[in-house]
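Peer 1: Single-letter residue listing:
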Amino acid sequence: MAGKLTEDDLIPVAGGGLLHRRLFLQGGLVLATAQTATSLGAEEAPKPETEDPADPSWIHRTGLPFSGYGTPSKYEKYVVRNTGGNRAPAGDGVSWTPLEDLEGIITPSGLHFERHHDGVPDIDPAVHRLVIHGLVRQPLEFTVANLLRYPMRSRFLFIECGGNSNAGWHEEPIQRPVGNFHGLVSCSEWTGVPLSILLDEAGVDAKASWVIAEGADAGLLNVSLPLAKLMDDAIVALYQNGERVRPENGYPLRLIVPGWEGITNVKWLRRLHVTDAPAMTRNETAKYTELQPSGKARMFTFVMDAKSLITSPSPGQKMHGANIYEIRGLAWSGRGKIAKVEVSADGGKSWGEAHLQEPVMAQCFTRFRSAWAWDGQAAVLKSRATDETGYVQPERDVLVKERGREGYFHYNAIVCWAIDEDGTISHVYA
Amino acid sequence: MSMLRHVAAAIFVPVVATSVIAADADVRAPRLGTPLSPGEVEKWDRTIFADGRGLPPGKGTAKDGRVIYEQKCASCHGLHGEGGTAEELVSEPKPPSADNPSKAIGSYWPFAPTIFDFVRRSMPPAAAESLTADDTYALTAYLLAANGVIGEGDEMNAKTLAAVRMPNRDGFIWIDVKK
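Residue numbers (this note's numbering), protein chains in the order written: chain E, 1 to 430; chain C, 1 to 179.
Simulated from the structure, these hints should not be mistaken for laboratory data. The reader is advised that the hints may include incorrect statements.
Derived list of chain E stretches under chain C, where covered just means 3 residues or more per stretch with a C-beta under 8 angstroms from a C-beta of chain C [to be verified]:
1. 120-134
2. 148-154
3. 195-202
4. 273-284
5. 294-304
6. 357-371
Taking lysine-lysine pairs in the DSS-like style, the calculated list, with each CA pair at most 27 angstroms apart, reads [as the list claims (entries may be wrong)]:
7. C/K94 to E/K401
8. C/K178 to E/K207
9. C/K94 to C/K63
10. E/K296 to C/K103
11. C/K63 to C/K43
12. C/K178 to E/K337
13. C/K103 to E/K401
14. E/K296 to C/K94
15. E/K296 to C/K178
16. E/K229 to E/K287
17. E/K207 to C/K43
18. C/K94 to E/K287
19. E/K318 to E/K77
20. C/K178 to E/K229
21. C/K179 to E/K207
22. E/K287 to C/K179
23. C/K103 to C/K179
24. E/K287 to C/K159
25. C/K103 to C/K43
26. C/K178 to E/K401
27. C/K159 to C/K94
28. E/K296 to C/K63
29. E/K318 to E/K349
30. C/K63 to C/K159
31. C/K72 to C/K59
32. E/K349 to E/K229
33. C/K159 to C/K72
34. C/K59 to C/K94
35. C/K43 to E/K296
36. C/K103 to C/K178
37. C/K179 to E/K229
38. E/K207 to C/K159
39. C/K43 to C/K159
40. C/K72 to E/K287
Beta carbons: idealized from backbone N, C-alpha and C, even for Gly.
So that you can see chain C by itself, here it is in the shape it has in the complex (with noise of 0.2 angstroms):
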């Protein structure tokens, strides 16, 4: 069915006979991409933004994050986010400074759903995305609250973690790129 459509595809492609190399602009190439629909398309986004886009349904609190924690994350970067092998994860909820140029979550990161985000696709490194999407807001709440960023009570959903401001949000300034 996919040879089909290929075949399919590639009538519609104008066809110019030429001897000219053609420069990048104007290459001639065949279309052989296969559509996906937008169900296919969600099996492969996980992507999420910033702003929360892309976060999914779930929830968790800092109790909870405590425990999984302990099991899963403790060995590497210590028992209570001091950092071992790992990075150091626990720092004050309070922008870097010449003193205390710590880059850890509270004093660092500038975006609280990059923690789901990358706690979901890359860790615990032996079993990435084991995790489930409630055990991951627990974890991101866990983190969180032990930073002094929210509250040892509060629940991090979709909603409340793209709420979340942290103390470093406006501490970058981007080189290459304009904003």
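Isolated chain E, as found in the complex (with noise of 0.2 angstroms):
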């Protein structure tokens, strides 16, 4: 039922190629003809020289037997996370999300990032509590197995570190794919008990304003939070893609906090101390705040602020010469939904509105998508995200201008990559 393109629809809507959303609403015509820039490690795969592609060997014989838990295939085998950071000591570092190498907004849950501080614990759920204490009428002691009893919610939420992209604060652009550059934002379904019941089955007192929350690893990772924003949507997660949370998300439970930064959805959970005040722990006072140009740090920024990025085409991918591209990327707002993405294919002289693939969701990742009629000249691709309530993602040197190169968190300015002649695809500022 797809129209039929005509040269109108070929026209661009801004500079540099970049053709109407609409393309997208009319079918596959242009997406069938259209070419992903693809990964290095696809590129380097062998190639199937003794099979057949019309008479394959596994078209005449019983296929692999039934398995337990399915895993991808074989010759996906370089999708994966990439770890780094700090290897001593041996806990404490990240594994990215290969953002570049995954479609749609579903993360899946063996490629969600890791930012530990002491390694996984190797939590016995028969062993694990969760406890609530303090400004409470009772203290409270659950059980894993009781809190599978509860009511539960499902809400499909990011959760991106607060330090991801910190190498854009870097005075040159890091030359990187690109998930090891932002990959440390990952998205999934998370379900479990809005923590809103638990907090009233203790009986939180009307004196009651914040809440520390305590995780069981080996470093009993704390941070303090306002009690309004965990009454209000905060979710005891058991359950993550359906599936129980994995041991590196927090098994067997996670505070999820949506929209606001990695650290503070505690993984482990073990432990909420209701209370008036911030603790002020080492990680919300020496870490998580940013230093500011006037020698002043912000503290308790909590909220992840819109960002979108181009996965594809991006660095360490390839372009195929002139042809017709789909310009493919994913936008998110701890503040709500995403209200528009524009892209620009001329370094942000002109810009053109990015389709938005449904679902759009509040706190989640975003797909959308542009066709770009490359031409085989430099450009420069661009992508700007703004959230329902009006926040525009900036440009570098607008954030670099206003809070300084110290700041190592919450980095959010609009990415570029350039396009070179001979489809070699870079990060740059421009």
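Hey, can you piece these two chains together into the complex? The hints should help.
Peer 2: Below, the structure is given as structure tokens:
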């Protein structure tokens, strides 16, 4: 039922060959001819020279047996989290979600980014407890088995480390695949017990205003969170993408705080101390605060502001000559839904609105797509997100002018990819 | 026994037959939390607040702390807290500036009890919570003295540590929550 393309459809809506987003609503014609910039990993995969595609061996014999838990194809084995950061001590570091290798909006649980401060604890759920105490009528202890009996809610939510994209503060643009630069963000369906139910059961005192959440990792990581936010929409998650939360994502219990920086989504949640002041823990004072040019530091910057980036084409991939390409990317905002993503193919001189793929949900990844007729000449691609509050993702020079370069956390500036005539893609500040 | 308690608790939950899907505000939930006595809470409660609430009994000085530091901390943080595979800990006792944007203890950390709390709960990473309260006070005293915030001979305990005023105490602006 796709409408027929006319010459008019191929007239750019913005400079550099950016085509109208209507093309995506008209069906597959353009998409069928668009070439995806391919990952190096795929290009390096061995060619199946011994098989006849019209008559391959696997159509003639019984396939592999059933499996208790499926795994990706062996041909996709290069799609993995890349670990980085500090390896000494061993438990402190990150692993990045390979955003450039993924599609849609849900991150496979095994590819969800990790930021651990002292490794992944091996927790026996029969031993684990969640304790609520402090300014409550009755301190309570919950077993995991009991929490599984409570009413549950699901939310599709991104979680982004407050330190994601921090290479953006560097003087020179870092040259890495997009996942190794911006991949401390992932998106899952989180299912669990609304925390308000458990707090109500304990009976929160009227004087309470903060809750200190503590995890059961070796560092007993703890953060202070305003009670009002936790009562509003926090979840004690038991499930991620339909299955029980993975160990590296907080098994058996993870505190989910929609739209707030990753560290507030405390993994291996074991204790909630209801109180009247923040504890001023190391991670909310010495870390996860942003030193500004004034000498003062931003603190309790909980909300992850709107951000977008183009996952394809992106650095490490290669263009295949002048043709029509689909520009693909992700956008998200801790303040609500993404209202609009604009894409530029001429370094920001002109912009065209991208198609936002449904569903578009609050505090969740939104997938955007634009058609682009690349003429084979040098070009600079950018994307710019606007959320439903009207907040617009800033240009890098604006962000750096306002915040300086010592803040480290909460970098959300517009990301630029330069395309050379030979099809090489690199990260630039433009 | 806990089974009996749960049954007893359940009896008092009002049962409302309804086909309406409840919003969270009036959701009907079982009440399965097990009450904890003050003594049981004490076993769990490891919170130490910026004002010193939660600091345990004990004491230590920089002299004792230096020995522990060299044994347990220096391999990652450097012999004098200058940093190594782990972050730097020592700087001047004055707030950060454009020229010296250090986030080490003396220039950046706003509250002294935070040092005790973090060392106790997280350090050293391979043996967290292995230090005694006295050792932790001593290490805290060593780090504060190395940063020039207290004197070499000053004893740190629950009272004196809470009274230490850090140079960057007023260096922070709350963004997403009101003070």
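Peer 1: Taking the hints in turn, state whether each one holds.
Peer 2: Comparing the hints with the structure gives:
{"no.": "1", "hint": "120-134", "result": "holds (count 3)"}
{"no.": "2", "hint": "148-154", "result": "holds (count 4)"}
{"no.": "3", "hint": "195-202", "result": "holds (count 5)"}
{"no.": "4", "hint": "273-284", "result": "holds (count 8)"}
{"no.": "5", "hint": "294-304", "result": "holds (count 9)"}
{"no.": "6", "hint": "357-371", "result": "violated (count 0)"}
{"no.": "7", "hint": "C/K94 to E/K401", "result": "holds, 25 angstroms"}
{"no.": "8", "hint": "C/K178 to E/K207", "result": "holds, 16 angstroms"}
{"no.": "9", "hint": "C/K94 to C/K63", "result": "holds, 23 angstroms"}
{"no.": "10", "hint": "E/K296 to C/K103", "result": "holds, 12 angstroms"}
{"no.": "11", "hint": "C/K63 to C/K43", "result": "violated, 31 angstroms"}
{"no.": "12", "hint": "C/K178 to E/K337", "result": "holds, 24 angstroms"}
{"no.": "13", "hint": "C/K103 to E/K401", "result": "holds, 21 angstroms"}
{"no.": "14", "hint": "E/K296 to C/K94", "result": "holds, 12 angstroms"}
{"no.": "15", "hint": "E/K296 to C/K178", "result": "holds, 17 angstroms"}
{"no.": "16", "hint": "E/K229 to E/K287", "result": "holds, 21 angstroms"}
{"no.": "17", "hint": "E/K207 to C/K43", "result": "holds, 24 angstroms"}
{"no.": "18", "hint": "C/K94 to E/K287", "result": "holds, 18 angstroms"}
{"no.": "19", "hint": "E/K318 to E/K77", "result": "holds, 20 angstroms"}
{"no.": "20", "hint": "C/K178 to E/K229", "result": "holds, 13 angstroms"}
{"no.": "21", "hint": "C/K179 to E/K207", "result": "holds, 15 angstroms"}
{"no.": "22", "hint": "E/K287 to C/K179", "result": "holds, 19 angstroms"}
{"no.": "23", "hint": "C/K103 to C/K179", "result": "holds, 23 angstroms"}
{"no.": "24", "hint": "E/K287 to C/K159", "result": "holds, 26 angstroms"}
{"no.": "25", "hint": "C/K103 to C/K43", "result": "violated, 33 angstroms"}
{"no.": "26", "hint": "C/K178 to E/K401", "result": "holds, 25 angstroms"}
{"no.": "27", "hint": "C/K159 to C/K94", "result": "holds, 23 angstroms"}
{"no.": "28", "hint": "E/K296 to C/K63", "result": "violated, 33 angstroms"}
{"no.": "29", "hint": "E/K318 to E/K349", "result": "holds, 24 angstroms"}
{"no.": "30", "hint": "C/K63 to C/K159", "result": "holds, 19 angstroms"}
{"no.": "31", "hint": "C/K72 to C/K59", "result": "holds, 19 angstroms"}
{"no.": "32", "hint": "E/K349 to E/K229", "result": "violated, 40 angstroms"}
{"no.": "33", "hint": "C/K159 to C/K72", "result": "holds, 26 angstroms"}
{"no.": "34", "hint": "C/K59 to C/K94", "result": "holds, 26 angstroms"}
{"no.": "35", "hint": "C/K43 to E/K296", "result": "violated, 38 angstroms"}
{"no.": "36", "hint": "C/K103 to C/K178", "result": "holds, 24 angstroms"}
{"no.": "37", "hint": "C/K179 to E/K229", "result": "holds, 15 angstroms"}
{"no.": "38", "hint": "E/K207 to C/K159", "result": "holds, 25 angstroms"}
{"no.": "39", "hint": "C/K43 to C/K159", "result": "holds, 22 angstroms"}
{"no.": "40", "hint": "C/K72 to E/K287", "result": "holds, 22 angstroms"}
Comparing the model with each numbered hint stated earlier shows that hints 6, 11, 25, 28, 32, 35 do not hold.
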